[in-house]
Amino acid sequence: MPNSSVRVQRARARSVRGSRTGRAGGAAAAAMGASQTRSEHRHQDLADRTGFSLEQIKNLHRRFQQLSGDEETISKENLESIPALANNPIRKQIIGAFFDKRNQNRDEVGSCEQIGFEQFLMVMSHFRPPSLKTTAEEKEAMRREKLRFLFNMHDTDNDGTITLVEYRKVVEELLSKSGAIEEETAKAIADAAMLEVASTNVPAMGPDDFYEGITFEHFEQILKGLEMETRMHIRFLDVDTTTMRCGKFTS
Amino acid sequence: MQRCGCVPLWLVGSVLLTCSTSGIGAHQDSRPEPPSETTANQSHAEQGHGSSAITGIPVVTFKWHHVETPYLVAVWILVAGLAKLVIEANHHVTEVIPESALLICFGFILGGIIWGADMVQTFKLNPTVFFFYLLPQIILDTGYSMPNKLFFGNLGAILVYAVIGTVWNAASLGLSLWGCHQGGAMGQLDIGLLQYLLFGSLIAAVDPVAVIAVFEQVHVNEVLFILVFGESLLNDGVTVVLFNVFDAFVSLGGPGINAVEIIKGIISFFVVAFGGSFLGLAFGLLISLLTKVTQNIKIIEPAFVFVLGYLAYLTAEMLSLSSILSITFCGVSCQKYINANMDENSVNTVRYVMKVFANGSETIIFVFLGISAIDKEIWVWNTGFILLTLFFIFVYRIIGVFFLTWILNRYRLVPVEFIDQVIMSYGGLRGAVAYGLAALLNESKIKEKNLMICTTLLVVYFTVILQGITMKPLVKWLKVKKASVSELTLIEKLQDKVFDHMLVAIEDVSGQIGHNYMRDKWNQFEERWMKRILMKKSARKSRDQVFKVFHRLNLKDAMNYVAEGERRGSLEFVRNETAFIDFKKKFVDDLPDITAGMSDDHTAASSMGRIDQVPSVSLEMHEQNMKGVRQMEDINTHHLLQQHLYKGRKQHRHRYSRSHFNVNKDEDEVQEIFQRTMRNRLESFKSAKMGVSQPKKISKHAKKDQLQKVPNGKSTDNSKRYLAGDEDFQLSEGDASGFGASGGSYPFPMMVSYRAGAGIENPAYIPDLDPMAAKIPPWLAQAELDGEPVAPSQRAQLRMPSDLSRLAPLRISARSNDSFAQADAPAARQRDDEAPAPSKRGGHNV
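Residue numbers (our numbering), protein chains in the order written: chain A, 1 to 251; chain B, 1 to 846.
Only chain A is shown next, with the shape it has when bound in the complex:
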């Protein structure tokens, strides 16, 4: 449901952009003053671009401020200090993904030290769940986007391929917490997985060919069978309040 509301909201927002601030945020804006209006406006803008609802954005903004300590930007240390993350074996990669410019819908590569709320939201938007109204093409696009996110997480040097070294690193860290698997085994597993990719995508590889690494196309190809539509989403808070807001809008 959340998305349908978002969609309605977006369409609505586009058509009534001019008078919007006066209507929806009207009372609040009048009471809280101009700065409030500006942030409302900014949020609306972000909502259009990320597909989140205003409520979700507000919530995430609150969280962002909490993490950053009321700063404009957030740094890696801020994220690393989240206690719940301490047990996550691939913490580093995930935090890295937040600071990866490729995940922020920009055409740049490399990573930055600090990200603002907008970038934060962009990264988060990869995990929005689909809704009943999402069409097949949109789903396909979402899937691609998510795969791209995953791919970027593995491809640490931004060269468009996941080399064995890069892959091994992720696998090692991934398996490091389980305690049961030694480093050597993790390596072997990474190798075997890589071999899988190689043999699937380049079935007739000559003896002198080196499989350079997994390109995004290969990555997509090999994960074709993986169920992603029902995974890789998280529930963003205030689904219900957005629905209510939606009602307010349309009424």
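FYI, nobody ran anything at the bench for these hints, they're computed from the structure. The reader is advised that the hints may include incorrect statements.
[What the hints assert, rightly or not] Quick list of in silico lysine-lysine cross-link-like pairs, DSSO-like style, CA-CA up to 27 Å:
#1 B:LYS536 <-> A:LYS224
#2 B:LYS481 <-> A:LYS146
#3 B:LYS521 <-> A:LYS139
#4 B:LYS497 <-> A:LYS139
#5 B:LYS521 <-> B:LYS536
#6 B:LYS497 <-> A:LYS169
#7 B:LYS149 <-> B:LYS445
#8 B:LYS521 <-> A:LYS92
All values reported here derive from a predicted model rather than from experimental measurement.
Chain A is already provided as a structure; the job is to place chain B on it using the hints.
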């Protein structure tokens, strides 16, 4: 395996025959009127013993009554099995009509034959037999093989469908029928509102047996499957509880019911359902604990699973809790721990025996559902009642599913799609549970029992046969998203894990306590407490999913490799054995100790270290007379393969022991070493295919190094010729140097020894072996000394878990990837040439 299954088999068998005396045992062809069971027993006791005393010692006597009951049970099982055999043989038929429907039809025919012979209904599905001896193993099997993560991930939705959906079905059907009755649609029937509700409750539940039988064949996507499957499993429990509550109400009678009784009924509903579930969990934990300490009685450890599972069922029944829910949750909760705790063989035994039982009783149930139809007594026709029931069941199921899904979709992260909802509502198959409950009805309280049985049977036939047949086309026509048929590949498994961690992390970052967060917390709790208490220490290690997939894939690869080798009539690694044999012959006089040690485990094969050294010698020999001897040698290797590799099997000692599986150590060794050898070869082969192993930089470096090393070993020509011409995977000088270059500091005794022995690669060396024979040849010496740490003695490894022993070769191969990559490339090419159309996974080794 058979012996392992013996205990539960015996158990079930014994109970089956005691029970069947009541139901099936009444079959008496020859007697004009069937006597009651006790008199029958007495009579054959007299016949059996009394008569023989009189006439002296008969050579043979015919004592049918002595064996009648167990005999009939066995024959019925056989008949059901044969029916399945015949049905499954016609593959094109089962493509269209589901097996369950065919079995029911087979039951019709069989019932007709019996009717023709006896003119009376002698066999039918008896509720006692059904609920005590046929149903539990099916439910236990489904619980045991439940995909836990999926199940608990969708538990909320499943519970909503199972509880609210079932209550809705029961209530709406009962009330509507009653309303129609009041409206006069059915004529004269002696059924009150409560009886209608009772009827509604018994027929409300979707039947797991029927549903699985149909859905198994249509491979719908996993979420849809788990929703239908989980619902059918849990709502069986719910429907039995509802049935009991209404049954109590009916006994109480209309006037006796007041608000207090109704509230008590509702409370009892929850107590029975949740009590049963918790009892099952308790038994599941008990099984897990027990299997933790059964390593000394491996033979009977599978039996614990069955016996305790069955006890969970019976205990719940005794406490009048929901027995179906109990055994379900017993299976669900114990599966993970028993799979980890028990020996691999025992786990396989449990799996197989469980399937044997479940599949067997499923077959019997369907056949008997068909047979039960052939009975004049139960066919009471009432057009209004029967048609309206069919109609209402169908309609209310659809309404219920759509309404509940609509509510659920407001809260579900990933909504259930419209098409899936259609399939869900269409998949409301009723089955044997409904019939069993109908047969349980008390005739003194419910006058129209036969009508209800008849209607239930019709509903079952209608849903199982008609809906079952149309399900497949419907799924196709609606383009329901199907499950991917292929197994998970390793990389998918890894990405799965990445997903999980990533979702948790994102939830953490966004500061929300969601589904993933909860699951993560549960996993941590389980890791910390449950596993420590319930799992063996050793088992805790090798439980990683990724590793299991890895392990399985490796085994598969090894098998492919062997198959390919055998197809081509030569196994490279066997060629090592030729060389090896030669040595043995040469040294046999001078070195009794070594050869003794060798031949000892040579029956099996040789240890890692040795295997990797000897080739260098053998290869050179091959190279010299490659062309001429090649064919001869292939024959030889075949011969040797039979002679040596499988020798253990020939020497199999036929020893009988009830408490131990006849583990012939020799054979075990053969297999293990065989696998290890395969593993080793395979790894080298794999990395050849990969070429990925290291960034190019290093491989270039290795090449350079190789050139530099030339004067050190043999001529470049030689090594090149080898690389290009031979398709063997053996190490060459080039390998060794490549190894040294890329490895640098790898402290590998095996490799060092190999380098030391590099000198032998000179072909001229081989004829001159004799002077060396006085001493221990360096490579053998090394093998004795250094081979040990690399590969501990086979016997020592026997005790190790198989996973661990597997790691040894892995470690080596992981290090040596790049060097292998160089040498094995030609081989890889040849392979590829030979197999131009490789399969998805096995491409490199087919």
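So, going through the hints one by one against the coordinates:
A C-alpha spacing of about 37 Å is found between B:LYS536 and A:LYS224, which places the hinted pair above 27 Å, so the restraint is violated. Pair hint B:LYS481 plus A:LYS146 holds up; C-alpha atoms about 20 Å apart against a cutoff of 27 Å. As the CA atoms of B:LYS521 and A:LYS139 are separated by approximately 30 Å, the hinted pair breaks the 27 Å bound. Restraint check for B:LYS497 and A:LYS139: the C-alpha separation of about 22 Å stays at or below 27 Å, so the hint holds.
Proposed proximity of B:LYS521 and B:LYS536 is supported: the alpha carbons are some 22 Å apart, at most 27 Å. Note on B:LYS497 and A:LYS169: the hinted pairing holds, with a Cα-Cα distance of about 15 Å set against a maximum of 27 Å. For the given pair, B:LYS149 sits about 45 Å from B:LYS445 by alpha-carbon distance, which is inconsistent with the 27 Å threshold. The hinted pair formed by B:LYS521 and A:LYS92 meets the criterion: a straight-line CA distance of about 20 Å does not exceed 27 Å.
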